[in-house]
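Q: Each chain, written out:
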Amino acid sequence: MVGNRIVSAPTLSPRSLRHRRRCRSFEFRPSLPPTTYSLRPTPRRLRPPAGSPVSPELIAMAAVELKNQLNAHIASMFAAGFLDKQFQELQMLQDDGSSPGFVSEVVGLFIDDAEKITGLIAGLLDQPVVDFDKVDALVHQLKGSSASVGAQRVKLSCEQFHSYYEAKNRDGCVMALALLRNEFYDSRSKFQTMFQLEQQIEACS
Amino acid sequence: MVSNAHGSPVKALLVEDIAVCTFVLSAMLRRFNCEIGVANNGKEAVDFFLDGKKFDIVLCDKDMPIMSGPEAVEKIRALGETDVMIVGVSADDNAMEAFMNAGADVFVHKPMKLETLGTMIQEVINKKNAMI
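Protein chains in written order, with our numbering: chain A, 1 to 205; chain B, 1001 to 1132.
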């Protein structure tokens, strides 16, 4: 602003801009023919203008890389005991093409179920008198559900729980529940990473 | 490969209270083009038969609210349903004896494998075809 008047800055023509750039960042490179001069690149990363299409080749390369990451992630889940062969049964049911998204849907059901069940067990163990039959029924339910999706560590934690509620040992059950929850949270985190990678792969297609 | 030479789908009843297990077993049965009925406990399964519904195969969990699997199997057989193949399914190691004493034909440890189910479905189909 100048005084009370708003004064717009003088517009620079493209020709004058190019001249300014040449004067500011000129560099002679002997490797090039003498009549060719290159400009030192500006510090800013050059990006394509917004909305410009990314090449299909780049997208395909990204998809391949993401698939490799997904396969490596799933392999590590098997190696670390998070998954067992039942998960491969689920993948077979999905891979025949008739049920895309089947694995993510059933694992999502399992995660919701497990969250609800562990909460209910915690509530039961918090009561003055613990109903161990109900605890038994809930742990049994979680064991069945984790076995059906191949969530091996959660299933094994449920099996370890058994001896404590059989013995009507509240403190033992509290400890077993803490271990079960840890295994469930770790498994849930691994599944979430798996599905994030799948979504990114889907976005590339 | 499961084949059904005469085209009619196998009618399967799934008796299971755990939603995840129902979801997975239903998907497996659909893979074999079965018509699927679902009961959430033993009593609902018996009610299906009392209503006159017919099934070729029943997949039955053991521990369920209201009525257990073995109890339901016993009642279904008592209704004169001797042709239906009844499969007891459980993660419980002690479940086999309870199911077989109740009148089940087969016991399978949970989780059921696709290949195992396929073999049983084919057996049902062969039996149906032989009766025609």
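What the hints contain is simulated information worked out from the structure, not anything from laboratory work. Wrong hints could be hidden among the right ones.
Keeping only pairs whose Cα atoms sit at most 35 Å apart, straight-line, the calculated DSBU-like set for lysine-lysine is [as the list claims (entries may be wrong)]:
hint: 1; chain 1: B; residue 1: Lys1127; chain 2: A; residue 2: Lys134
hint: 2; chain 1: B; residue 1: Lys1113; chain 2: A; residue 2: Lys190
hint: 3; chain 1: A; residue 1: Lys116; chain 2: B; residue 2: Lys1128
hint: 4; chain 1: B; residue 1: Lys1113; chain 2: A; residue 2: Lys134
hint: 5; chain 1: B; residue 1: Lys1113; chain 2: B; residue 2: Lys1054
hint: 6; chain 1: A; residue 1: Lys134; chain 2: B; residue 2: Lys1075
Q: Between the alpha carbons of Lys134 of chain A and Lys1075 of chain B, is the straight-line distance 35 Å or under?
A: Status holds; Cα separation ~26 Å.
Q: Starting from Lys116 of chain A, check that the Cα of Lys1128 of chain B is at most 35 Å away, please.
A: 43 Å, violated
Q: Please verify whether Lys1127 of chain B and Lys134 of chain A have alpha carbons no more than 35 Å apart.
A: 42 Å, violated
Q: Holds or violated: Lys1113 of chain B with Lys1054 of chain B, Cα cutoff 35 Å?
A: Holds: Lys1113 of chain B and Lys1054 of chain B sit about 25 Å apart, inside 35 Å.
Q: Quickly compare the C-alpha distance for Lys1113 of chain B and Lys134 of chain A to 35 Å and report which way the hint goes.
A: 29 Å, holds
Q: Are Lys1113 of chain B and Lys190 of chain A close enough, with their CA atoms no more than 35 Å apart?
A: Given pair Lys1113 of chain B, Lys190 of chain A holds - Cα atoms ~24 Å apart, limit 35 Å.
The earlier numbered hints that this structure contradicts are 1, 3.
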